[in-house]
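Taken in order, these protein sequences are the chains called H, Y, G and F. The first sequence begins at 598 in the numbering used here and counts up by one. The second sequence begins at 598 in the numbering used here and counts up by one. The third sequence begins at 598 in the numbering used here and counts up by one. The fourth sequence begins at 598 in the numbering used here and counts up by one.
No lab work stands behind these hints, which were simulated from the structure alone. Glycine included, every Cβ here is placed at the ideal spot set by N, Cα and C. Do not take every clue at face value.
Per label pair, the in silico range of CB-to-CB distance [stated by the list, open to error]: (1) Y:D877 with G:T738: 27 to 33 Å; (2) H:A833 with Y:L933: 30 to 36 Å; (3) G:E635 with Y:R737: 55 to 61 Å; (4) G:R737 with Y:G675: 30 to 36 Å; (5) Y:R737 with H:A833: 50 to 56 Å; (6) H:H735 with Y:Q872: 18 to 24 Å; (7) Y:G675 with G:D877: 42 to 48 Å; (8) F:E744 with G:G675: 56 to 62 Å; (9) G:R916 with Y:G675: 50 to 56 Å; (10) H:Q653 with Y:A833: 37 to 43 Å.
Going by beta-carbon spacing under 7 Å, a handful of chain H positions derived as facing chain F [unchecked claim]: (11) T709; (12) P714; (13) P715; (14) E717; (15) A760; (16) G761; (17) T763; (18) M765; (19) R853; (20) P854; (21) R864; (22) G868; (23) L874; (24) D877; (25) Q878; (26) R926.
Residue-level listing of the chains:
There are 4 protein chains.
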Amino acid sequence: MSLPDVVSLKPTPDQYAYTFGGRAPLLTVRPGTIVELETEDCFAGNVKGVGDLPSQVCTFPYLNPVTGPIAVEGAEPGDTLVVHFVDITPARDWGISSTFPNFGALTATHSTAMLHPPLEERVWKYDIDVAAGTCRFHARTSDFSVELPLDPMHGTVGVAPAAGETIMSITPAAHGGNMDTPEMRAGTTAYFGVNVEGGLLSIGDGHARQGEGELCGTAVEAAMRTVIVVDLIKGAAPEWPRLENDDYLLAVGSARPLEDAFRVSQRDLVGWTAQLLGLDQLDAYQLVSQAGLAPVANVCDTNYTMIAKLSKILLGNNRAYEGRHDRLRAIAAEYLRQR
Amino acid sequence: MSLPDVVSLKPTPDQYAYTFGGRAPLLTVRPGTIVELETEDCFAGNVKGVGDLPSQVCTFPYLNPVTGPIAVEGAEPGDTLVVHFVDITPARDWGISSTFPNFGALTATHSTAMLHPPLEERVWKYDIDVAAGTCRFHARTSDFSVELPLDPMHGTVGVAPAAGETIMSITPAAHGGNMDTPEMRAGTTAYFGVNVEGGLLSIGDGHARQGEGELCGTAVEAAMRTVIVVDLIKGAAPEWPRLENDDYLLAVGSARPLEDAFRVSQRDLVGWTAQLLGLDQLDAYQLVSQAGLAPVANVCDTNYTMIAKLSKILLGNNRAYEGRHDRLRAIAAEYLRQR
Amino acid sequence: MSLPDVVSLKPTPDQYAYTFGGRAPLLTVRPGTIVELETEDCFAGNVKGVGDLPSQVCTFPYLNPVTGPIAVEGAEPGDTLVVHFVDITPARDWGISSTFPNFGALTATHSTAMLHPPLEERVWKYDIDVAAGTCRFHARTSDFSVELPLDPMHGTVGVAPAAGETIMSITPAAHGGNMDTPEMRAGTTAYFGVNVEGGLLSIGDGHARQGEGELCGTAVEAAMRTVIVVDLIKGAAPEWPRLENDDYLLAVGSARPLEDAFRVSQRDLVGWTAQLLGLDQLDAYQLVSQAGLAPVANVCDTNYTMIAKLSKILLGNNRAYEGRHDRLRAIAAEYLRQR
Amino acid sequence: MSLPDVVSLKPTPDQYAYTFGGRAPLLTVRPGTIVELETEDCFAGNVKGVGDLPSQVCTFPYLNPVTGPIAVEGAEPGDTLVVHFVDITPARDWGISSTFPNFGALTATHSTAMLHPPLEERVWKYDIDVAAGTCRFHARTSDFSVELPLDPMHGTVGVAPAAGETIMSITPAAHGGNMDTPEMRAGTTAYFGVNVEGGLLSIGDGHARQGEGELCGTAVEAAMRTVIVVDLIKGAAPEWPRLENDDYLLAVGSARPLEDAFRVSQRDLVGWTAQLLGLDQLDAYQLVSQAGLAPVANVCDTNYTMIAKLSKILLGNNRAYEGRHDRLRAIAAEYLRQR
């Protein structure tokens with residue numbers, strides 16, 4: 598098996614983008630290209646230790662830098678931009694998490710507006726050991742410390758939005774964006790509906806790991822060295838992002854209130870299941886009702902994100918997108934073997 | 598090891614309850630008693646095949662019968678009623694699921710009021726094979742059929758509510774009730790704050806299995822033969838129900854909108870974690886943010902229910918409730934050995 | 598014109614109820630009876646000055662006492678219990694408002710659970726001058742003081758709930774309860790669906806006045822001397838409470854999130870309008886879209902309450918409930934003339 | 598009194614904008630300039646009768662055209678762009694309203710995703726009589742017809758957003774946009790925080806009248822001839838839009854769920870009141886709780902919008918923004934006198 602083209606995308610500091618849309622491509626690739634890229638953390642690398650408070654060292658709106666956009670040759674509105682994550686490796690031996698004033702799930706925010714003063718802003722620095730596959734939490738007000746499994750992923754992955762919009766990189770919506778789901782790990786294929794010529798994929802916000810919900814507003818934020826395969830399916834644009842890994846189909850919904858994010862993701866999974874199994878809508882609704890999973894992605898961003906998940910065992914021999922995931926998986930395996 | 602008392606609770610049809618609160622105990626037990634009980638399905642057994650539409654064969658409010666209440670000797674307000682699920686076995690070789698007019702997550706409802714006519718009311722009958730550990734889905738409008746793993750659980754478990762309230766069994770709230778989480782399976786211990794003398798535990802709504810969210814409004818509904826250990830901890834009443842199994846601590850929140858159910862469950866898990874690990878609130882918030890899971894329970898009932906879940910590996914040698922779960926687990930194992 | 602029977606209902610302190618449902622009637626009346634009643638304030642009269650903090654002088658769940666229940670002879674499930682407010686007069690020359698820990702619209706609460714410490718608990722005492730028609734606000738941390746118009750109303754009005762439930766008096770739902778709308782003033786007629794024999798009307802939670810939303814969680818709370826006409830319409834039970842005054846039809850929805858309360862109230866108003874004007878559903882939807890009003894009632898209680906309001910000018914000669922409001926208005930006028 | 602400069606802005610069809618942000622100014626004015634402008638209706642004028650279904654004659658995203666942007670000389674981020682509505686007059690003798698698939702408050706939508714087929718798409722044509730001050734509703738499925746008062750307003754008013762975003766004109770947010778409040782009528786002054794140089798004001802979406810909530814998703818949509826005074830206050834940028842008329846201060850919040858829109862608007866009104874009256878936050882919270890109004894603006898757009906409203910009588914001699922509203926009102930009066 599011969600590998601497709603491999604290209605590199607390592608932005609200089611002033612090349613990072615902070616929006617989806619409104620930017621010229623940094624790179625243009627043919628469908629099927631492998632891209633080795635680097636991403637900076639959500640603090641734009643400005644928080645290096647527990648003494649660096651984000652509200653002091655970061656400058657709104659220069660938060661959550663993304664690498665890209667990457668244009669895909671031939672991608673037109675209505676097509677499906679496909680990105681397969683081959684590898685996501687933390688670039689440093691540390692990661693940062695923090696609270697942030699008026700941000701997070703268990704605090705008043707700018708939109709869940711209250712009269713409370715903000716919670717304390719506090720920074721935690723995690724030790725990352727890629728070889729051992731761990732990241733270590735250190736409590737700030739006691740000696741407690743514990744190792745957590747490393748589970749690297751990207752919080753922010755998406756394409757240029759529809760309707761000529763330019764959307765901050767911290768917002769998840771139908772174009773993808775800051776969905777903050779732990780499911781966006783190596784081995785996963787993501788499908789996005791193309792809204793503009795070239796599709797314009799951007800990726801950022803690496804997390805060494807993340808709990809479901811991203812409760813305090815940030816994960817173990819880390820710069821990443823990431824390898825993807827960028828691909829294209831003509832037509833078939835999904836209304837909302839879809840993911841696939843070896844075991845599951847995953848539909849994504851981002852909205853408020855959280856039940857609407859749930860509804861969007863579940864309705865899409867019902868429709869996807871109906872199509873793949875040749876079921877009518879109500880039979881698919883029933884099957885997903887008994888077999889589906891519904892983990893939270895984030896409850897802190899400008900939209901909340903939910904995942905609807907179905908085991909591929911139920912599909913029998915049916916394959917989503919004609920087996921595109923399996924083919925990209927094979928390319929990824931070959932790349933990793935040759936590297 | 599000698600077993601505690603074993604008693605039986607098999608309600609006659611007219612003994613089933615349809616509320617939490619407002620009922621005299623059917624049974625009174627000492628703490629530590631094993632109870633073998635029977636529960637009817639959420640349709641009160643009236644839906645026996647795909648031709649039995651719930652809206653025709655069931656009579657509101659006689660839905661979701663529960664077995665109980667069981668009074669625990671010595672239980673007083675402020676105490677913690679403990680129930681460990683030893684075994685949950687479907688009582689029949691079939692289970693039922695259905696849509697129901699104006700009920701479910703992807704339909705207009707009485708409170709998410711819209712102008713649409715209701716979705717079609719449709720019934721599915723599943724084949725249950727306890728020995729094989731499967732339940733089989735049959736599509737209604739095609740030949741498609743697929744086996745799903747059996748994963749029996751109780752949708753409805755709770756105690757008499759506070760403030761003199763009597764609450765329909767279909768409502769989940771701080772007293773427990775119809776939480777509809779797949780986590781309520783055999784091997785799980787549940788903790789409820791006691792609001793009235795005796796605590797008054799009731800259990801019903803068995804599911805042969807359930808997807809997260811109970812999307813269409815019903816799971817694979819099944820009458821059950823269930824064995825529990827009923828126990829008591831003096832004091833320590835949790836504000837909201839808590840669960841524990843061999844691997845996880847689980848906090849439960851039931852509210853609307855769904856983000857409030859999420860917030861309730863996560864805040865309780867943060868507080869529980871802080872207490873068990875001796876962390877301050879913000880350090881616990883951080884740890885749960887990176888290590889916590891957040892699966893949906895239901896998005897169809899009168900309140901929605903979320904689960905917040907933390908691996909017990911993080912606890913080191915610390916044990917919730919002084920290891921009560923482990924002791925009940927041992928009793929359960931001995932019971933099953935002797936049976 | 599001769600007046601109907603006039604009876605009196607002045608509960609002793611231990612006769613107050615704290616729930617809807619679960620209580621025997623204090624009084625049974627024939628349809629059309631005038632009842633002169635007294636209600637205590639939501640603090641059960643325990644907060645008498647700015648030094649009396651509710652969390653110290655009040656005892657949960659003995660909050661929000663209601664006067665009743667009043668049984669109506671002949672009222673059966675499916676009927677419509679009608680109550681017309683003839684007069685609502687503050688019983689004292691002062692009223693109380695306060696914040697309360699974890700209660701209110703701009704604070705974390707038990708269900709909008711957060712990590713903030715509660716806002717300060719503070720009490721305000723208003724001077725009430727019934728003759729002048731004013732109540733006077735005094736700031737607590739400055740000399741500022743201002744007169745507000747007196748606009749007496751009852752926050753809590755409802756009947757025994759369906760399905761055998763007993764519901765705390767602080768909860769608004771389909772049975773009415775703690776709706777906390779300023780529209781429940783003298784001159785208003787309220788219609789409730791009857792769920793149990795006698796209907797079982799209770800009234801409490803007088804407010805000398807209230808802003809829309811009851812933002813901080815309490816209004817200008819006041820004991821009241823109130824006169825009502827209690828009446829009955831056979832059949833025609835509305836699913837949710839309805840109000841009517843000389844100028845408007847008003848539909849009420851109580852739910853969370855707030856858009857569901859809005860949807861419930863608006864859908865009911867659309868249906869009511871369609872019925873009164875002989876319109877199809879979509880034409881009524883259109884008319885209400887352009888002519889309807891939507892003031893908030895409360896955003897602090899266990900359910901939030903919205904009002905949907907339509908000018909009766911649009912009705913032409915059509916009358917809701919065959920002109921029942923007009924007849925009760927005439928009786929009220931005669932009563933006030935004779936008093 | 599001499600009038601300020603009067604300029605005209607009448608876009609050609611291809612000059613209309615469909616976003617806030619991302620556009621060069623059509624017009625640049627000095628602070629204090631009177632602008633006579635024309636706006637097209639939300640259908641871009643394509644729906645002319647009941648046979649023109651919007652989904653057929655309109656092309657997404659070319660909906661809700663806005664006139665502008667208008668740059669204000671000297672406006673810098675952190676300043677306050679002020680717009681006073683002098684006159685809003687329907688440009689035609691008819692207006693249009695319609696349902697639209699998956700849009701509106703009582704229907705499943707793209708984000709409140711359900712399995713129902715869309716409601717019927719139906720168009721209503723209203724007769725507008727500017728001289729009589731009326732618009733006439735005609736039912737589509739019966740002979741019913743009724744006159745409603747003309748109450749012209751603009752649904753969409755705002756400035757370029759922060760953070761380099763470009764936002765569809767149908768979205769309301771902190772920059773204003775499609776707030777759809779009936780309060781945006783002639784005689785009202787609106788204040789917006791400036792995010793980019795020039796501020797970049799755009800206006801569109803005229804309504805001959807609108808109910809609170811814009812229930813079905815559209816008002817009586819009408820092209821308008823509108824006169825405004827565009828002004829500037831250095832500094833003092835409000836976080837969210839504020840309005841003022843002769844009688845009320847009004848704060849605006851746009852968010853989901855609806856209670857968050859309520860919270861945003863009320864918190865801003867509390868802060869505004871505290872500042873104008875020299876009260877501490879809790880005293881202002883109390884005063885607004887008893888004296889505030891909370892009408893719905895819209896419950897159909899991509900964010901929902903709420904209004905928080907306080908009578909200016911409470912302010913005594915205190916004036917918002919040093920009496921800017923009064924001065925603009927005087928200019929408006931003089932303009933109308935001279936016209």
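May I ask you to test the interface hint for T709 (chain H) with respect to chain F, counting a Cβ-Cβ separation under 7 Å as satisfied? 5 Å, holds
Using 7 Å as the Cβ threshold, decide whether G761 (chain H) counts as touching chain F. 6 Å, holds
Supplied contact hint for P854 (chain H), tested at 7 Å Cβ to chain F: 4 Å, holds
Return the status of the interface hint for A760 (chain H): holds when the least beta-carbon distance to chain F is below 7 Å, violated otherwise. 4 Å, holds
Given a cut of 7 Å on the nearest C-beta pair, is the interface hint for E717 (chain H) held or broken against chain F? 20 Å, violated
Confirm or reject the claim that R916 (chain G) and G675 (chain Y) have a C-beta distance inside 50 to 56 Å. 55 Å, holds
Hint check: 7 Å Cβ-Cβ cutoff, R926 (chain H) to chain F: 30 Å, violated
G675 (chain Y) versus D877 (chain G) beta-carbon gap, inside 42 to 48 Å or not: 57 Å Cβ-Cβ, so the 42 to 48 Å window is violated.
Was the hint right that R853 (chain H) lines chain F, CB cutoff 7 Å? It holds, given that the least Cβ distance between R853 (chain H) and chain F is near 4 Å, below 7 Å.
When the least beta-carbon distance from P715 (chain H) to chain F is tested against 7 Å, hint result: 14 Å, violated
Regarding E744 (chain F) and G675 (chain G), is the given constraint of 56 to 62 Å on their beta-carbon distance met? With a Cβ separation near 38 Å, E744 (chain F) and G675 (chain G) fall outside 56 to 62 Å, so the hint is violated.
Can T763 (chain H) be said to touch chain F, with a Cβ gap under 7 Å? 4 Å, holds
Of the numbered hints listed earlier, those contradicted by the structure are 2, 5, 7, 8, 12, 13, 14, 22, 23, 24 and 26.
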